[in-house]
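Trainee: Each chain is listed here by its residues.
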Amino acid sequence: MSEYTVIGKPALRKDSHDKVTGSAQFCADITLTGMLHGAVLRSKVPHGIIKSIDVSAAKEAEGVRAVVTGEEVPYRLGRSIMDQTFLAIDKVRHEGEPIALVAADTLEQAYAAVRMIKVDIEPLPAVNDVLEAMKPESALVHDRLEDYWHVDTIRPVNGTNIYDHFTLRKGDVDKAFAEADVIVENEYDCAILHHAAIENHLAIAKVDGSGKITVWSPAQSPYYIRGELSRALKVPENKIRVIVPPIGGGFGGKLEARAEQLAIALAMKTHGRPVKVAFSREEDFLAGTVRAGVHFKMRTAARKDGKILAVESTNWWDSGAYSTISPTVTLKANVILAGPYEVDNVKMDGYCVATNKQLGTAQRGFGVAEASYAHEQQMDAVAKALGMDPYELRMKNVMVDGCKGHTGEKMFAVGIKECLKEAAEGLGWEGHPTSWITEDGKIRGRGLGTFMKFTGTPSYTSATIKLNFDGSAVVSYSTTELGQGVGIVIPQIVAEELGIPLELISTVQVDTDHTPLDKTTTSSRATYHLGNATIKAAEDARRQICQWVAFKWKTPVERIEFKKGGIIVQLDEQGKPTGKQARMDELAKNGLIKNGEPILGYGSYETTNIWHKPDPETYQTERLTAMWFFGANAAEVEIDPDTAKIRVVKVVAAHDIGKTLNPLGCLQQVEGGVIMGIGNTLLEEFIHRDGYLMNGNMVDFKIPTSMDSDVEIEMRLIESSPHPEGPYGAKGIGEPAMCATQSAVASAVAHALGVPVVHVPIKGEHILAACRKRLEEANDR
Amino acid sequence: MFKKEINIMVNNEHYVREVAVNRTLLEFLREDLGLTGAKEGCNEGECGACTVLVDGKPVNSCLMLAVEADGSYILTIEGLAKGDLLHPLQQAFIDEGAVQCGFCTPGMIMTAKAILDEYGNPSEKEIRKLMEGNLCRCTGYTRVIKTVKKTAEALAAK
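Read top to bottom, the protein sequences are chains A and B.
Counting from 1, position 415 in the first sequence corresponds to residue 415 in my numbering; the numbering is continuous, with no gaps.
Position in the second sequence counted from 1, then plus 1000, gives you my numbering.
Excised from the complex, chain A in its bound form (with noise of 0.2 Å):
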């Protein structure tokens, strides 16, 4: 049996109601009193320098409230450098930059002020390629970034394109490759693409009288918005209130500020009347923010029997016209470029670089599902220069408890070894061969992806639980609810805890004004970090509820036990159970805290102390992070000769989930991930020319549909590696469920074929030609 009630057990979302009967209220669906519409001037131009804005018909244009230009609002935004204006000032970067703004009483008002801006562009080179950025001869898309304020983990290089140089040292590489009797070298690339979360970006903002800033929006980290706009605006962070309605998919996507700024800047010149900004899909593709490209240049040493001796990358993320978070993204996926594997030499520049694109940010995965990509091609080519099996090569370097990581530090509760064993063996590995060609014609193939990321360290975040009179309680924190499942993870915590019905627990909505300080929710961090606040919560009203039961009981607190299951005990001078007890699920009839304080549990987690700084130039350190995930997926896939279509079969997706906590939420989270994994393998991809985005609209930029995902999907969550610092052991599964497919469909492809996948996404035109050789291959046997 279970040493657990409700935790390990499938719940449903408490959420679903209204979102099946269309009562849920997302930001789009809010109009508030006497609220106005803003519309957005965009550039039509990717790079240029603006000669001169004339908006003054606009300003006299019906119903027109407002007018913003960039002059107007110098506030610079950059998490990592400040470089991002409200509103282009003197030169525009991308194709879609916002240039003015108008709000007026419709949208339709706006939007035909908006056509009466006269703008003068003078139209600059765009920088459209990430290698030709790097190249002395470039343009640049900032004269001057020495000007910029930066966060001074980062280095960026003056009179270049380069946002950062990351760089990562472990061992000795050129003695490594000295010594290898294998060395392989290839270079790959990932397109870059979009979030396409169902529902644009929007925000609606308001400036009361004392010049307090209040922004509905779909922020998913809205505490890190606070932050942005407050060192923007040169705000104290007690002057703005982000209120976050349900979110419409995040995905990263929403991590930044994209229109929260521009309804800020509106509605701090409408006396007191909110704006919305809301952004038509176009402008969320042009102007919303990307899953930076990349281009890998790797090198892996291997000895002959297997042993991998060295891995070296030179890699160039395509980080567009501002840098907003993407060094972070270049960083996290330099650490794990080298694969969950044992590697004692290894060596990893990254550069983060500017293009006139649009802008890199965070998105699932955040850089490892491509590194992934880069690092399994290697690993199968390694095996293929070996003769060995890719699984039998992979199970002989993978990670294992007490290693030394690639930045140096002792890795545990390491659970890869079982999911590449469960995900091969879901799969049907051992024995089968890894193409061949179907009675109908058709080439199969099967390939293996394994992946390692980290949560982002230090951390912090907290919540409080509220117990009622009734027995019922409200947990609250600023951890968003983005489709994920946040909201019924926390709740399943605190039943378990304290013993309270799940169904007599409710979630509040997030308002930096009321609920409690959160760092963000990303990085796949919010069961971990806040399930351990959340326990720490339920300790705290434990205490409290004691307290007033010893009270009531008229005994020493000392002798009131709560047990498991929400049960209170009254024990003798010897410690032994009396016989009087009470029931947690019984507290409204009980009356034991009924007419006492009120009960107010609160509990906070950080990750300070056990993070180490690591060394600038080497990256190695004691500890880097809270808590390392890792994953395998194992993959079938089917290519058409003729039309060279890929059809992904099945899926089996193994993850190092350290203890489940939510089956079911799980498992939404494994079947989402793979079919969004796929559809970043086959289908998505920006395609620019002169830094002019070709595909900007839901009809040519594919997201799989229904039909794209008829896919066989085996879910094994792995428990055998819980996580000791972890709330009941468990690790985080948002990010993990997709970082793994596109390695594994790519080397599923590559085995089918007999090639390298040199570049993601797969289409047909790249594989034409290998799919006739292959056939030819099979005929001549």
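The set of hints was computed from the structure by calculation and includes no laboratory data.
Fair warning: there could be bad hints in the mix.
Stated by the list, open to error - With a straight-line cut-off of 30 Å between C-alpha atoms, the simulated DSS-like cross-links for lysine-lysine are: (1) B:K1149 <-> A:K702; (2) A:K421 <-> B:K1146; (3) B:K1125 <-> A:K763; (4) B:K1129 <-> A:K645; (5) A:K442 <-> B:K1129; (6) A:K702 <-> B:K1057; (7) A:K9 <-> B:K1146; (8) A:K763 <-> B:K1129; (9) B:K1125 <-> A:K650; (10) A:K442 <-> B:K1125; (11) A:K645 <-> B:K1125; (12) A:K645 <-> A:K384; (13) A:K384 <-> A:K650; (14) B:K1146 <-> A:K442; (15) B:K1149 <-> A:K650; (16) B:K1003 <-> A:K59; (17) A:K650 <-> B:K1129; (18) B:K1146 <-> A:K14.
As the list claims (entries may be wrong) - Output of the computed footprint for chain B on chain A, the stretches with three or more beta carbons under 8 Å from beta carbons of chain B: (19) 12-26; (20) 188-199; (21) 482-494; (22) 673-684; (23) 694-703.
Being a predicted model, the structure only gives us computed values, none of them experimental.
We put the CB at the ideal spot given by N, CA and C, even for glycine.
Fit chain B to the supplied structure of chain A, relying on the hints for placement.
Mentor: Okay, now just chain B, sitting in the frame of chain A:
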């Protein structure tokens, strides 16, 4: 903008309204009637988040003008439950875990309703094909398709 009077039934309520001739059905429902269950995801008929039923047929309400719906009976997600009693599809979406962020859910359910009304108990493959016009980024569709199939079977068995 020219206006025209329309005579329309929405969720079993009769409305006679003047609407601008360029107003979409989606705008009319959301802004004039306050029925915000149908969502705007793309405004170009690709994502299906705005799906409502017009005389029983699923329609991207962002692509239809309100004046074109004159004389029609419209069913939106708000009109699907009978009082507090959820439609079997709504209940199944909750019970089977087919909802995540929920932004696409109203459109998904309305399309599914039209499929069940017209086809009774279609195969999983047919459901996939018929729901192709409703995009979802969270679920990967697996739970959604299973839920629709399961509901179709349950209703067919009645």
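Trainee: Run the structure past the numbered hints and jot down the numbers of the failing ones, going up.
Mentor: Violated hints: none at all, because every hint is consistent with the structure.
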